[in-house]
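S.K.: This is what each chain is made of:
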Amino acid sequence: MALAFSSPAPRFAVSPSIPHTSPSNSFLITVPTPHRLRRCLRRGVKAAVAVDSPSAEGGGLPVESPNVLLEVNDLRAVIKDTDKEILKGVNLTINEGEIHTIMGRNGSGKSTFAKVLVGHPDYEVTKGDIVFKGENLLEMDPEERSHAGLFMSFQSPVEIPGVSNMDFLRMAYNARKKTEISPIEFFHFLLPKLEAVKMDPRFLDRNVNEGFSGGEKKRNEILQLAVLEADLAILDEIDSGLDVDALQDVAKALLGLMTPKNSILMITHYPTLLDLINKPGFVHIMQDGVIKRTGDRSLAKLVEKGGYAEISNA
Amino acid sequence: MAITFFSSSLLPPLRLRSPNPNPNPKPKTLAPIRASLSDPFVLSIAEKLEDSLPSSPPPSLQSLRSLSSQSLLSKPWPSRKDEPFRFTDTSFLKSSQILPVSSPNPPSDPGFDSHSPNLLVVADGHPVPSLSRLSSLPSGVVAGYLSSLPPGPVLDRVLAVTASEFRDGDLFWDLNGLGTPDVLVVYVPEGVRVVEEPLHLVFCSTEGEEVGSGRLPVSNPRVLLVVEKRAELTILEEHLGIGDCEGKCYWANSAMEILIGEGGMVKHSYVQRQSLNAAHIKWTSARQEAASTYELVEVSTGGRLSRHNIHIQQLGPETVTEMSAFHIAQSNQTQDLHSKLVLDYPRGFSRQLHKCIVSDSSGHAIFDGNIKVNRYAQQTDAGQLTRTLLLAPRATANLKPNLQIIADDVKCSHGAAISDLEEDQLFYLQTRGIDLQTAREALVFAFGKEVITRIPYVPLQESVTSRFKELLAAK
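One line per chain: the protein sequences are Y and F, in this order.
The first sequence begins at 1 in my numbering and counts up by one.
The second sequence begins at 315 in my numbering and counts up by one.
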């Protein structure tokens with residue numbers, strides 16, 4: 001039962017004026033509070049995570065006060081057309097340099113969460129807020145979110161007939177850097193990135209994702225991430241439809257892109273990619289539109305062994 | 315299953331018509347009866363056209379003039395009740411005072427450029443030798459005016475070709491035949507190739523009237539291409555208003571006849587960029603002998619009323635026919651393509667792609683694409699696709715893709731789609747930091763580029779591309 005994981009007590013302590021009727025049913029709780037209170041509250045929450053994750057790697061918790069990259073508070077969202085609520089109060093905090101993974105059953109809201117973060121027009125946020133690098137993400141258009149440093153790789157990358165991959169990447173680069181790079185200069189910028197994702201330069205002349213295999217499309221997403229040099233990469237099932245070799249390439253490419261400053265939020269069904277990246281990180285289990293449980297990589301193993309039933313019963 | 319077809323869900327159902335043994339026979343006496351009921355408006359235009367030309371035409375033009383005037387008498391001005399003009403509003407022409415262009419007025423400043431060494435400039439239907447250059451055409455190739463062709467086998471051949479009557483022509487075809495001062499003839503003898511250095515035909519209008527004056531100068535340029543057995547011709551045909559004509563009112567009523575001999579090939583690029591207040595009515599009638607290839611790429615962006623009628627008749631088996639068209643209809647523009655491909659012999663292959671962007675509420679796209687697969691056209695492989703982007707509320711498109719199939723062993727497909735830009739494509743671009751406006755422009759550009767890149771001559775392809783970019787930026 002979801003409520004078992006909620007901890008309403010600190011909320012009343014911090015902000016008693018908030019009505020009782022909307023209990024957050026997530027473990028990682030951060031409540032709507034004025035900005036100056038948020039930071040100390042979040043630290044308290046992190047401490048709680050550590051208790052749940054007793055393993056030595058501890059999810060890579062920074063000792064110094066970390067720089068918060070993304071902070072999601074009680075996020076609720078519906079499908080615009082049907083008003084069906086998909087996200088029912090998601091809370092999540094990602095600091096610089098962290099790797100987070102969301103797992104969960106099909107239909108639990110993982111992909112919706114990713115899409116809402118990048119501003120997909122099919123969804124409407126009805127409650128809660130998202131702060132990215134100190135700015136209110138919900139007030140930004142999708143392209144502004146990208147400029148701010150947010151990137152999402154699509155589960156099914158969209159084909160764009162008539163637009164060459166080269167033109168597309170250059171357009172994106174120019175928009176991000178507010179510049180007008182020449183095609184030749186841009187090609188030199190691209191070459192090492194193509195090598196990093198093991199992509200044939202001939203793909204640049206082809207139309208965006210048109211006729212690409214599943215693996216090629218996913219490599220192309222990582223290539224875009226590399227070009228845009230995002231601070232937070234949301235990878236929605238980047239590992240689906242990839243063979244073992246392609247998966248290793250993707251993992252290597254991702255590792256190559258990691259810096260102490262940037263972070264990854266992965267959505268996946270399998271712990272394989274986590275193992276390949278082999279870095280400490282947080283694993284969140286999403287269920288029915290909320291983050292039900294948070295732990296370290298051992299939690300992913302637990303899911304792999306016993307399925308989600310095990311987790312919800314725990 | 316003998317007939318295979320693929321049909322998109324947005325389509326009216328595929329029409330399969332059974333053969334009609336007696337398709338509406340017309341009594342021989344009809345023409346004289348109708349003649350007495352001739353449309354006075356048509357007659358007045360015909361009279362003015364006749365008056366504007368020398369009273370005794372060159373002998374080689376006589377038959378064309380008399381055939382055209384005969385045929386014209388039985389044709390009233392088209393109304394919306396006539397199926398071919400059901401969606402096309404010609405009232406702009408009807409309400410104007412139509413005047414033949416005055417005497418030849420050769421432009422001194424061309425106002426256009428050509429990268430090809432072979433250039434023929436025609437101003438208001440008259441040749442402009444001072445701007446034309448033809449010295450690098452292979453020997454044996456003839457490019458000149460019918461009235462000035464010396465007697466000989468080429469003239470005999472050309473006259474024989476012009477003698478065959480074209481029954482599918484409409485009133486505008488006949489008006490052109492009556493009003494053309496001369497016929498521009500391009501003759502490519504057997505086995506000769508004019509490909510790497512294509513022949514560039516530029517048709518310019520130099521006489522225009524102010525918007526609102528009610529006057530409409532009309533010109534009637536006419537071309538005949540004869541491409542003999544195994545010969546190849548790449549032709550670039552451009553229509554525009556130059557000098558004082560930019561933004562003015564005029565009417566270019568143009569016609570082109572093409573005969574492609576056995577195993578011959580014609581690659582035809584057709585670019586229409588007339589004044590946005592002009593009327594442009596154009597006929598392209600091609601006949602293809604066995605194993606010949608005809609590839610037509612059209613880009614039409616100009617004209618207040620622009621209509622292209624294509625008629626392609628198969629004269630032997632194993633022909634290849636490819637038609638691609640890209641139209642833009644902006645504010646107060648009608649872009650109309652009426653095409654008809656008649657297949658009477660086996661193993662013909664044809665592909666047609668029609669694309670149109672309507673970017674304003676007052677813009678109008680029309681497409682009627684007919685492919686007729688007759689009884690003996692077995693193993694025909696015919697495909698047709700039309701896609702229209704409606705980018706403004708209340709923008710209009712009337713699309714009528716239609717296949718008439720009588721043969722029973724054919725593969726035919728058609729599809730039609732009318733839509734706005736794809737939301738998921740726009741969103742994808744946005745998530746990569748590209749703002750909505752730029753994303754829309756990129757997708758619109760890509761939509762048109764598919765056809766533009768089929769222009770086989772790169773310099774023309776590039777100039778069309780850059781003008782398309784300017785159009786997008788101007789919006």
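These are computed hints drawn from the structure, not numbers from a lab.
All of these numbers come straight from a predicted model, not from anything done at the bench.
Glycine included, each C-beta is placed from N, C-alpha and C at the ideal position.
One should not assume that every hint holds.
[Stated by the list, open to error] Once the Cα atoms are required to be at most 35 Å apart in a straight line, the calculated DSBU-like pairs of lysine-lysine come out as:
(1) Y/Lys193 with F/Lys783
(2) F/Lys763 with Y/Lys178
(3) Y/Lys177 with F/Lys763
(4) Y/Lys177 with Y/Lys133
(5) Y/Lys177 with F/Lys783
(6) F/Lys763 with Y/Lys193
(7) Y/Lys133 with Y/Lys198
(8) Y/Lys178 with F/Lys783
(9) Y/Lys80 with Y/Lys178
(10) Y/Lys198 with F/Lys763
(11) Y/Lys133 with Y/Lys279
(12) Y/Lys217 with F/Lys543
[Stated by the list, open to error] So the derived label-pair ranges between C-beta atoms look like this:
(13) F/Glu764 with Y/Thr179: 44 to 52 Å
(14) Y/Lys127 with F/Asn646: 41 to 49 Å
(15) F/Gly505 with Y/Arg206: 34 to 42 Å
(16) Y/Glu185 with F/Gln411: 23 to 31 Å
(17) F/Phe355 with Y/Ser182: 42 to 50 Å
(18) F/Asn419 with Y/Pro201: 49 to 57 Å
(19) Y/Pro201 with F/Ser449: 39 to 47 Å
S.K.: Next step is simple, just say for each hint if it's right about the structure.
M.R.: Status of the hints after comparison with the structure:
A hinted pair counts as satisfied when its Cα atoms are at most 35 Å apart, and Y/Lys193 with F/Lys783 qualifies at roughly 30 Å. Restraint check: the Cα-Cα separation between F/Lys763 and Y/Lys178 comes to about 26 Å, which is no more than 35 Å; the hinted pair holds. The suggested pairing of Y/Lys177 with F/Lys763 holds, with an alpha-carbon distance near 27 Å, which does not exceed 35 Å. Proposed proximity of Y/Lys177 and Y/Lys133 is supported: the alpha carbons are some 18 Å apart, at most 35 Å.
For the proposed pair Y/Lys177 and F/Lys783, the alpha carbon gap of about 23 Å is at most 35 Å, so the pair holds. Pair hint F/Lys763 plus Y/Lys193 holds up; C-alpha atoms about 28 Å apart against a cutoff of 35 Å. The hinted pair formed by Y/Lys133 and Y/Lys198 meets the criterion: a straight-line CA distance of about 32 Å does not exceed 35 Å. As the CA atoms of Y/Lys178 and F/Lys783 are separated by approximately 21 Å, the hinted pair is consistent with the 35 Å bound.
Taking the CA atoms of Y/Lys80 and Y/Lys178, the gap is near 32 Å; set against the 35 Å cutoff, the hint holds. For the given pair, Y/Lys198 sits about 29 Å from F/Lys763 by alpha-carbon distance, which is consistent with the 35 Å threshold. The straight-line distance between the Cα atoms of Y/Lys133 and Y/Lys279 is roughly 23 Å, inside the 35 Å bound, and the hint therefore holds. For the proposed pair Y/Lys217 and F/Lys543, the alpha carbon gap of about 48 Å is over 35 Å, so the pair is violated.
Taken as a hint, the range 44 to 52 Å is violated for the pair F/Glu764 and Y/Thr179, whose Cβ atoms sit roughly 29 Å apart. Distance hint check: the CB atoms of Y/Lys127 and F/Asn646 are about 48 Å apart, consistent with the given range 41 to 49 Å. Checked against the given bound of 34 to 42 Å, the beta carbons of F/Gly505 and Y/Arg206, roughly 38 Å apart, stay inside it. The hint said 23 to 31 Å for the Cβ distance between Y/Glu185 and F/Gln411, and at roughly 58 Å that hint is violated.
Hint check: F/Phe355 to Y/Ser182, Cβ distance near 58 Å, so the stated range 42 to 50 Å is violated. Separation of F/Asn419 from Y/Pro201 is about 54 Å and conforms to the stated range, judged on CB atoms against 49 to 57 Å. With their beta carbons about 43 Å apart, Y/Pro201 and F/Ser449 fall inside the hinted range of 39 to 47 Å.
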